[in-house]
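Spelled out from the first residue to the last, the chains are:
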Amino acid sequence: MKMTKRSQWALPYVIFLGLFVVLPLFLVLVYAFQDRSGAFTLGNFLKFFSTSEDLHTFVYSIEIAVITTLLCLLLGYPAAWILSNPTYNRSSITVILFILPMWINMLIRTLATVALFDFFSAPLGEGALIFGMVYNFLPFMIYPIYNILQKMDHSYIEAAQDLGANPRTVFQKVILPLSMPGVWSGILMVFMPTISTFAVAELLTMNKVKLFGTTIQENINNGMWNYGAALSLIMLVIIGLTTLISNEKGNNAEQGGLL
Amino acid sequence: MIRKILCKGYLAVLLLALYAPIAIIAIFSFTEAKVLGNWTGFSTRLYQSLFMGGASASLIKAIENTLSIGLLAAAISTLLGTVSAIGIHNLTARKRQVITFVNNIPMLNPDIITGISLFLLFIAFHFSQGYLTVLLAHITFCTPYVILSVMPRLTQMNPNIYEAALDLGATPAQAVRKVIVPQLWSGMLSGFILSFTLSIDDFAVTLFTKGNQGMETLSTYIYADARKGGLTPELRPLMTVIFLIVLILLLAFNLRTIRQSTNKR
Chain U
39 MKMTKRSQWA
49 LPYVIFLGLF
59 VVLPLFLVLV
69 YAFQDRSGAF
79 TLGNFLKFFS
89 TSEDLHTFVY
99 SIEIAVITTL
109 LCLLLGYPAA
119 WILSNPTYNR
129 SSITVILFIL
139 PMWINMLIRT
149 LATVALFDFF
159 SAPLGEGALI
169 FGMVYNFLPF
179 MIYPIYNILQ
189 KMDHSYIEAA
199 QDLGANPRTV
209 FQKVILPLSM
219 PGVWSGILMV
229 FMPTISTFAV
239 AELLTMNKVK
249 LFGTTIQENI
259 NNGMWNYGAA
269 LSLIMLVIIG
279 LTTLISNEKG
289 NNAEQGGLL
Chain A
-6 MIRKILCKGY
4 LAVLLLALYA
14 PIAIIAIFSF
24 TEAKVLGNWT
34 GFSTRLYQSL
44 FMGGASASLI
54 KAIENTLSIG
64 LLAAAISTLL
74 GTVSAIGIHN
84 LTARKRQVIT
94 FVNNIPMLNP
104 DIITGISLFL
114 LFIAFHFSQG
124 YLTVLLAHIT
134 FCTPYVILSV
144 MPRLTQMNPN
154 IYEAALDLGA
164 TPAQAVRKVI
174 VPQLWSGMLS
184 GFILSFTLSI
194 DDFAVTLFTK
204 GNQGMETLST
214 YIYADARKGG
224 LTPELRPLMT
234 VIFLIVLILL
244 LAFNLRTIRQ
254 STNKR
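Going down the list, the protein sequences come from chains U and A. Here this note's numbering is used: the first residue of the first sequence is 39, the next is one more, and so on. Here this note's numbering is used: the first residue of the second sequence is -6, the next is one more, and so on.
Next comes chain A alone, as it looks inside the complex:
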């Protein structure tokens, strides 16, 4: 009994420590004080100014960039990843091994190396850096995860149903759309959510590929802001909101996976 309390207590203390910093930001997002840690009474003014246009134009622009890059990168990666996964699945084992190895590199490489290597690529070919290069970089590190989530569905799929659809008179395009895609759907959705989370979360790769034309995403904006010393108070409600969004996305993602695995059982 005592052991049980000790063990549960240990988990509770660790969780408390893990969430304390975020909790403090969330609590102090409801007060107006410029400096964090100063409680000047309950107020939702920071939220109002964040969402009602009181925040600076550059912050709004950074949020827009983050969301549009996140959605575009996730959509393109899902498309590219799914098509490639079908292709890779139909390759000979040897070729498949080589591609899988290269596909693993962006997942294993530290962010800073991915960022610098892409930076050097854009420099070497005199490609001017900005929105497009960030988007390309995000597609580079998101697509491997899409392939990773679509691949298992392909392996589980009966290889003959595509042929069956063709025999029954479907055109190849119809067969893919009506037979293969529905089977891959859940893997594609997982890949999309994962890519979106990875993209809005990224800092290092974005920093090296965003160029110096003033293109910012949220993380690079926060970084620049923190380096100037002291955070803009509006960032406190913003971090709280981001945290909640990521929390909801991940809970949804994980509960889906759990439900699927229990269904299988």
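If we strip away everything but chain U, and leave its shape as in the complex, we get:
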């Protein structure tokens, strides 16, 4: 009796979630398939596939996101490995210092990057964009990989060494496969915000380069809600696919680790 009473405490939040999480997402879906008068249409999607500028921005954003993710992985994996290795790093403060930028306002970080480029009188443009993105999202790659390497059972490594594996083999056959779930969640945590970012690109390239997020924002701002909603839905599909792939890969790697 008392238990059912306390379970009712969840009720206000269930209503809240319905109103502010489920209903808004449902509205994105509804608006995406409506024209201005509210009639059902596929026109918004047809418009996207026939507007070469928007299509181009979409493909370009994916390219930038892939490049950023790869660079973050390349720079972040070694950092995570060193951080998790007790021979090189014992202090948790160093780890916090690496994670901290994650919590600083993206705009402030971006403007700081612009300031850095101004300071060295380096030109703003695609280079600055990629630098700024890597700078913004590197902590998101380091953190999950560090986490998984940290929790890894070191007896696996010792066992491999006892069985005669050299350091390279140990890394290839033991450490890397065991850390794959972390790598996949890092890829997800970098790829998702890079593909959906806006404002960052305008500021880093002086409006020379536009990313998909900016296209969505411009349409919403200009009152093209239906087209904006359709573009948001396309972005959601991309993000959903990435999440699915990385979850699957992450789980597979975990199962592989258990064997």
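Possibly wrong hints are sitting among the right ones.
To be verified - Each computed DSS-like pair below joins lysine-lysine, with the alpha-carbon atoms no more than 25 Å apart: (1) U:K248 x A:K221; (2) U:K287 x U:K211; (3) A:K171 x A:K27; (4) A:K(-3) x U:K189; (5) A:K54 x U:K211; (6) U:K189 x U:K287; (7) U:K211 x U:K85; (8) A:K1 x U:K189; (9) A:K54 x A:K27; (10) U:K246 x U:K85; (11) A:K221 x U:K246; (12) A:K221 x A:K54; (13) U:K211 x U:K189.
By construction, these hints were calculated from the structure, which means they are not laboratory data.
Place chain A on chain U using the hints.
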């Protein structure tokens, strides 16, 4: 030995690169030059004008909005999140799974999607956008994190102590206040700090829910300012101060967690 130096060096170079931009802003907050990168001698004039009322009224208003929305959103989310966590904890496994899934959506969704979906909600119901809608939006993305930090405390808690308190004559309200809340306290505090940081940090969701009646928070103010070309010099000391506040909050938060986990060991 060489390996060790190389590894430590790599970490140092990365940290240097990560903090260089912020360091440059902090250094140039102590000079008066309009353009960043121009050193015209040491001066604290920018700090004085920021804190002594020299800054524009709209900037002060934006700072007030940021802080009041941050505190309100954090307080309401902590309350709502804690009550809901207790409720969710007492649900059947199946219902719990469904709610947890929906609860994860605001955390997984990119900011721009959260912002646009809420924008469409307010548009569809002709809800005029401003302070209140921003606050509601912030509560939406903060509460899941509170639930996430309170939940583990509930799972660790002995389920019988609430009943014990009732048997010993406490009213349900007393039992919650004197028995359950003290056990959840540290989780609630973590949730509060996390929510406050998330709220003052947010840009995308605020931008879409603030409407066009001139309501601004710091991030939207900075955005508008940067788009006009060139930053107001007062923003340099302001960014430095914000950075320090976030730094202190997060160090406090993380050291607490570290101390707790070492205590457990």
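Against the structure, the hints:
1. U:K248 x A:K221: holds, 17 Å
2. U:K287 x U:K211: holds, 17 Å
3. A:K171 x A:K27: violated, 56 Å
4. A:K(-3) x U:K189: Within the cut-off at roughly 22 Å; holds.
5. A:K54 x U:K211: violated, 57 Å
6. U:K189 x U:K287: holds, 19 Å
7. U:K211 x U:K85: violated, 49 Å
8. A:K1 x U:K189: holds, 21 Å
9. A:K54 x A:K27: With a Cα-Cα distance of about 22 Å, the restraint between K54 of chain A and K27 of chain A holds, given a limit of 25 Å.
10. U:K246 x U:K85: holds, 24 Å
11. A:K221 x U:K246: holds, 15 Å
12. A:K221 x A:K54: Measuring from Cα to Cα gives roughly 19 Å; hence the hint holds.
13. U:K211 x U:K189: holds, 17 Å
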